[in-house]
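**Q** Start from the sequences and build out the full structure, keeping to the hints where you can.
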Amino acid sequence: DQQVKQNSPSLSVQEGRISILNCDYTNSMFDYFLWYKKYPAEGPTFLISISSIKDKNEDGRFTVFLNKSAKHLSLHIVPSQPGDSAVYFCAARNNAGNNRKLIWGLGTSLAVNP
Amino acid sequence: NAGVTQTPKFQVLKTGQSMTLQCAQDMNHNSMYWYRQDPGMGLRLIYYSASEGTTDKGEVPNGYNVSRLNKREFSLRLESAAPSQTSVYFCASSPQGVWQPQHFGDGTRLSIL
Numbered sequence: 174d175q176q177v178k179q180n181s182p183s184l185s186v187q188e189g190r191i192s193i194l195n196c197d198y199t200n201s202m203f204d205y206f207l208w209y210k211k212y213p214a215e216g217p218t219f220l221i222s223i224s225s226i227k228d229k230n231e232d233g234r235f236t237v238f239l240n241k242s243a244k245h246l247s248l249h250i251v252p253s254q255p256g257d258s259a260v261y262f263c264a265a266r267n268n269a270g271n272n273r274k275l276i277w278g279l280g281t282s283l284a285v286n287p
Numbered sequence: 176n177a178g179v180t181q182t183p184k185f186q187v188l189k190t191g192q193s194m195t196l197q198c199a200q201d202m203n204h205n206s207m208y209w210y211r212q213d214p215g216m217g218l219r220l221i222y223y224s225a226s227e228g229t230t231d232k233g234e235v236p237n238g239y240n241v242s243r244l245n246k247r248e249f250s251l252r253l254e255s256a257a258p259s260q261t262s263v264y265f266c267a268s269s270p271q272g273v274w275q276p277q278h279f280g281d282g283t284r285l286s287i288l
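So the sequences go chain by chain: A and B.
Counting in the working numbering, the first sequence runs from 174 upward without gaps.
Counting in the working numbering, the second sequence runs from 176 upward without gaps.
These are calculated hints, taken from the structure and not from any lab test.
The structure presented is a predicted model; accordingly, all values stated were derived computationally and were not measured.
One thing to keep in mind: the hints can contain errors.
List time: in silico BS3-like cross-link candidates among lysine-lysine, alpha-carbon distance up to 25 angstroms [stated by the list, open to error]:
1. B/K232 <-> A/K178
2. A/K227 <-> A/K178
3. B/K184 <-> B/K246
4. A/K274 <-> A/K244
5. A/K178 <-> A/K244
6. A/K274 <-> A/K229
7. A/K274 <-> A/K241
8. A/K274 <-> B/K246
9. B/K232 <-> A/K274
Here are the computed distance ranges between Cβ atoms for each label pair [as the list claims (entries may be wrong)]:
10. A/H249 <-> B/G238: 38 to 44 angstroms
11. A/P182 <-> B/G178: 25 to 31 angstroms
12. A/D228 <-> B/G178: 27 to 33 angstroms
13. A/A243 <-> B/A177: 39 to 45 angstroms
14. B/T261 <-> A/H245: 30 to 36 angstroms
15. B/L244 <-> A/Q254: 36 to 42 angstroms
Glycine included, each C-beta is placed from N, C-alpha and C at the ideal position.
**A** Next up, the structure:
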């Protein structure tokens, strides 16, 4: 039972265009969300995060939007660059009780074409 | 600027053999983690150490043991390897507090025959 779902396994975008990666979650106790990027044969790298008290966080070309009522967040990359081609993971923090942990999505593979 | 270093990068074991995966971080982080990544399963937490001297089970601890040797080092041991433990293992660390953004090593690809 996936509590954090990245429903698109892959996404292909032209260089310079916007990339939108989506993530849905089921648990209303999640209070903090993170995006990681992963290149082949490397570990994930932290990209950007957002607290549940906010609906938007921006860092350069990367913006994360959070819609709590829909239990949905998205990562926007503008403009997309070939170096952004990687697998992107969404993760959510469950801060409830004694069972605090990060729940990870399965990832979306982004290909940015020159 | 090493960050999180994992050794070895690759290993092939036979069923029943034991081995220890090593992890060291040079960022003076308090918390360290071990994950495994399997196709279709995402990243799953095996064990974590919130601070030096403490360790706790994650989602999938069975078949593994850990040691937080000091603030820098956190090792993962497979006492009797099983084919189901074939996976890519990632070590991570975070500055303070268990659930801050984590810095990952490049992984150990482990195959058990």
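**Q** Starting from A/K227, check that the Cα of A/K178 is at most 25 angstroms away, please.
**A** The hint holds at about 20 angstroms.
**Q** Mind checking the alpha carbons of A/K178 and A/K244 for me, to see if they're no more than 25 angstroms apart?
**A** holds, 11 angstroms
**Q** Decide if the proposed pair is consistent with the structure: A/K274 and A/K241, CA atoms, cutoff 25 angstroms inclusive.
**A** Judged against 25 angstroms, a Cα distance of about 19 angstroms means the pair holds.
**Q** Using the beta carbons of A/D228 and B/G178, state whether their distance is inside 27 to 33 angstroms or not.
**A** holds, 32 angstroms
**Q** Please check whether A/P182 and B/G178 have a Cβ separation lying inside 25 to 31 angstroms.
**A** holds, 29 angstroms
**Q** Should the hint that A/H249 and B/G238 are 38 to 44 angstroms apart at their CB atoms be regarded as holding?
**A** holds, 40 angstroms
**Q** For A/K274 and A/K229, compute the direct alpha-carbon distance and say whether it is at most 25 angstroms.
**A** The hint holds at about 23 angstroms.
**Q** Taken at face value, is the distance from the CA of A/K274 to the CA of B/K232 at most 25 angstroms?
**A** Holds: B/K232 and A/K274 sit about 11 angstroms apart, inside 25 angstroms.
**Q** Does A/K274 pair with B/K246 here, judged by a C-alpha cut-off of 25 angstroms?
**A** holds, 21 angstroms
**Q** Is A/K274 within 25 angstroms of A/K244, Cα to Cα?
**A** Distance ~18 angstroms between A/K274 and A/K244 Cα, so the pair holds.
**Q** Between A/A243 and B/A177, does the C-beta distance stay in 39 to 45 angstroms?
**A** Holds, since A/A243 and B/A177 (Cβ atoms, about 41 angstroms apart) stay within the stated range.
**Q** Does the Cβ-Cβ separation between B/T261 and A/H245 fall within 30 to 36 angstroms?
**A** With a Cβ separation near 34 angstroms, B/T261 and A/H245 satisfy 30 to 36 angstroms, so the hint holds.
Taken one by one, the earlier hints all hold for this structure without exception.
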